[in-house]
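Asks: First to last, the sequence lines map onto chains A and B. With this note's numbering as the guide, the letters of the first sequence map in order to residues 1 to 389. With this note's numbering as the guide, the letters of the second sequence map in order to residues 1 to 171.
These are computed hints drawn from the structure, not numbers from a lab. Since we're looking at a predicted model, the values are computed, not measured. Here a beta-carbon is modelled for each residue, glycine too, at the ideal position from N, C-alpha and C. A portion of the hints provided could be inaccurate.
A partial selection of chain B residues facing chain A, derived with a Cβ cut-off under 7 Å [claimed, not checked]:
1) 47
2) 51
3) 52
4) 55
5) 59
6) 63
7) 67
8) 74
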Amino acid sequence: MDWIQWLEWFLKGAILCVILLGGFAYLTLYERRALARMQVRVGPNRAGPQGVLQPIADAVKLIFKEEFTPARVYKVVFVLAPVLTVVPSLVIAAVVPLGTSFMLFGREIHLYVADLNVGVLYLMSIASIAVYGIVLAGWSSNNKYAMLGGIRSSAQMISYELALGFCFVLAILLGNSMSLNEIVEAQKNMWFVVVQPVGALVFFVVVLAEVNRAPFDMPEAEQELTAGYHSEYSGMKFALFFMAEYQKMIVMSMITATLFFGGYRELWFLKDTLFSVDAVWTIGAWTFNAWFLGPIYLFIKVFLILFVMIWVRATWPRVRYDRLMALGWKIFLPLTLALCFITAVGILLADLYNPLYYWSIPILSIISFLIATIVIYSDLTRRKTNARV
Amino acid sequence: MTDLIVFLVLSLVAIASALGMLFSRNTVYSALFLVLNFVVVAVFYLLLGAPFIAMAQITVYAGAIMVLFLFVIMLLGAENLPPSEVLPWQRPLAILLSTILAIESIYLVFARARSDASIISPDASVNTIENLREMAMTLFNQFLLPFEVTSILLLVAMVGAIVLNKREKAG
Numbered sequence: 001m002d003w004i005q006w007l008e009w010f011l012k013g014a015i016l017c018v019i020l021l022g023g024f025a026y027l028t029l030y031e032r033r034a035l036a037r038m039q040v041r042v043g044p045n046r047a048g049p050q051g052v053l054q055p056i057a058d059a060v061k062l063i064f065k066e067e068f069t070p071a072r073v074y075k076v077v078f079v080l081a082p083v084l085t086v087v088p089s090l091v092i093a094a095v096v097p098l099g100t101s102f103m104l105f106g107r108e109i110h111l112y113v114a115d116l117n118v119g120v121l122y123l124m125s126i127a128s129i130a131v132y133g134i135v136l137a138g139w140s141s142n143n144k145y146a147m148l149g150g151i152r153s154s155a156q157m158i159s160y161e162l163a164l165g166f167c168f169v170l171a172i173l174l175g176n177s178m179s180l181n182e183i184v185e186a187q188k189n190m191w192f193v194v195v196q197p198v199g200a201l202v203f204f205v206v207v208l209a210e211v212n213r214a215p216f217d218m219p220e221a222e223q224e225l226t227a228g229y230h231s232e233y234s235g236m237k238f239a240l241f242f243m244a245e246y247q248k249m250i251v252m253s254m255i256t257a258t259l260f261f262g263g264y265r266e267l268w269f270l271k272d273t274l275f276s277v278d279a280v281w282t283i284g285a286w287t288f289n290a291w292f293l294g295p296i297y298l299f300i301k302v303f304l305i306l307f308v309m310i311w312v313r314a315t316w317p318r319v320r321y322d323r324l325m326a327l328g329w330k331i332f333l334p335l336t337l338a339l340c341f342i343t344a345v346g347i348l349l350a351d352l353y354n355p356l357y358y359w360s361i362p363i364l365s366i367i368s369f370l371i372a373t374i375v376i377y378s379d380l381t382r383r384k385t386n387a388r389v
Numbered sequence: 001m002t003d004l005i006v007f008l009v010l011s012l013v014a015i016a017s018a019l020g021m022l023f024s025r026n027t028v029y030s031a032l033f034l035v036l037n038f039v040v041v042a043v044f045y046l047l048l049g050a051p052f053i054a055m056a057q058i059t060v061y062a063g064a065i066m067v068l069f070l071f072v073i074m075l076l077g078a079e080n081l082p083p084s085e086v087l088p089w090q091r092p093l094a095i096l097l098s099t100i101l102a103i104e105s106i107y108l109v110f111a112r113a114r115s116d117a118s119i120i121s122p123d124a125s126v127n128t129i130e131n132l133r134e135m136a137m138t139l140f141n142q143f144l145l146p147f148e149v150t151s152i153l154l155l156v157a158m159v160g161a162i163v164l165n166k167r168e169k170a171g
């Protein structure tokens with residue numbers, strides 16, 4: 001293990017952190033501007049041209065704010081909780097590949113921090129650790145609202161982790177590997193969203209619930225719980241929670257893109273053209289690999305997924321808490337289980353008999369999705385008639 | 001050499017967190033020390049070249065089970081232990097049993113250390129994708145029956161929990 005290897009790891013980790021932190025700052029601006037447009041407002045546009053300096057102004061404001069620690073909090077845990085929330089949201093990105101590789105000073109530099117062969121499991125375990133920060137913040141604040149917010153949010157995250165795990169299983173089955181790099185490479189010929197559209201949709205919804213975004217932002221239901229688990233936090237400690245939420249949004253969008261939307265790869269029908277990440281570009285006498293397209297493609301995908309998240313926030317009202325839990329346990333869990341079964345059988349039949357059986361996966365998945373929709377719909381209408389009687 | 005240093009440091013953390021779990025008078029802190037201990041054990045698995053077990057350890061124990069523990073502690077409001085012992089015979093019994101366990105494990109370590117087939121050195125090829133495949137193959141071929149029996153056991157436990165939780169209909 002030479003020191004250059006260590007330097008490479010260190011630099012890659014540092015760069016990833018910087019990307020996520022900068023991404024967080026500009027995601028807040030992006031969200032505020034996009035939300036404002038959807039609500040026929042202008043949004044923050046005063047600090048710098050088009051408001052590009054707004055995140056810096058916000059950061060300066062937050063740093064200079066008074067940091068207040070209430071008297072009867074559990075001090076150590078109170079300080080530790082924001083840190084425990086931010087760290088998982090950063091380290092989870094380590095296994096996500098940002099692109100292929102390029103040569104620098106005779107070394108092949110891969111655009112990922114680590115290519116674990118249990119990459120997907122790593123995502124699972126970090127996602128399950130992420131609950132602690134929130135639940136401890138709620139408890140250590142010594143405040144009933146904060147406590148309820150913390151418990152709600154952890155109950156929600158635990159419930160949706162099951163469906164999340166099954167969606168991971170879908171990608172593992174289709175990619176025939178647990179390494180995220182190999183899952184992306186397996187999407188060279190076809191994105192998994194085409195094979196498993198329902199899986200991608202459910203995964204997206206589950207991600208919304210995992211990062212506590214609208215319409216599943218129960219922990220922050222202000223009319224019920226004031227500000228939920230971070231009621232007692234102020235100044236930079238509050239900013240850390242805020243940061244964790246937005247970083248989780250970015251990272252989860254990256255994971256969604258990686259698992260179902262081809263990650264850093266181009267659209268599958270462009271694979272032999274100049275737009276492919278494997279293509280070799282020749283400009284004059286200068287020949288080089290088009291590795292730099294990988295991060296660009298991933299950025300575009302993440303940007304679009306984040307837009308959908310913001311759009312959802314602007315569109316839907318908050319889901320009631322019991323409905324949220326019922327959706328997770330009674331609809332998504334059986335649905336994703338069925339999707340796993342359908343996918344496994346489809347792959348097996350395609351291997352054994354005819355590759356055409358592969359297309360039974362999307363067809364059967366959509367049918368099971370329709371059944372799930374009918375179940376939700378009939379459940380809602382039954383409640384309505386009951387209420388009238 | 002590096003492995004040895006990492007191992008020694010981690011062992012200190014593991015022992016310290018275990019002691020912290022035992023001696024802290026606040027059950028939430030105890031639970032947090034236990035989480036730390038689980039994470040350290042997961043890193044031990046990583047050191048031994050078993051990433052799958054390490055990740056499963058974190059997901060299942062640190063992620064799922066301990067969160068439920070914390071839940072119960074917080075919902076019952078049982079953070080602070082009573083200053084006096086509820087079960088006075090518990091402490092001497094625990095000391096006796098743990099001494100027996102310590103003596104047994106020390107004996108085993110030293111007795112085993114003499115024979116050659118003692119410590120299984122982790123294979124260098126263990127950290128490859130084949131490792132995962134091989135594990136699945138062994139699990140679903142050689143140990144299929146125990147595996148299925150375990151799953152039925154878990155199912156029974158789950159159904160039992162639901163039945164216990166179900167409210168009797170009034171009247």
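Asks: Taking the hints in turn, state whether each one holds.
Replies: We went through each hint and held it up to the structure:
A distance limit of 7 Å between C-beta atoms decides the matter here; for residue 47(B) the minimum to chain A is near 15 Å, and the interface restraint is violated. Below 7 Å, beta-carbon pairs count as interface contacts, and residue 51(B) has one with chain A at about 5 Å; its hint therefore holds. Restraint check, residue 52(B) versus chain A: the minimum CB separation of about 5 Å is within 7 Å; hint holds. Against a cut-off of 7 Å between C-beta atoms, the interface hint on residue 55(B) holds, since the closest Cβ of chain A lies about 4 Å away.
This hint holds: residue 59(B) has a C-beta 4 Å from the nearest C-beta of chain A, less than the 7 Å allowed. With a cut of 7 Å, the hint placing residue 63(B) at the interface with chain A holds, because the nearest CB-to-CB distance is about 3 Å. Checking residue 67(B) against chain A by beta carbon gives a least distance of about 5 Å; that is within 7 Å, so the hint holds. The criterion of a C-beta within 7 Å of any C-beta in chain A is met by residue 74(B), whose closest approach is roughly 5 Å, and the hint holds.
Consistency note: the structure conflicts with earlier hint 1 alone.
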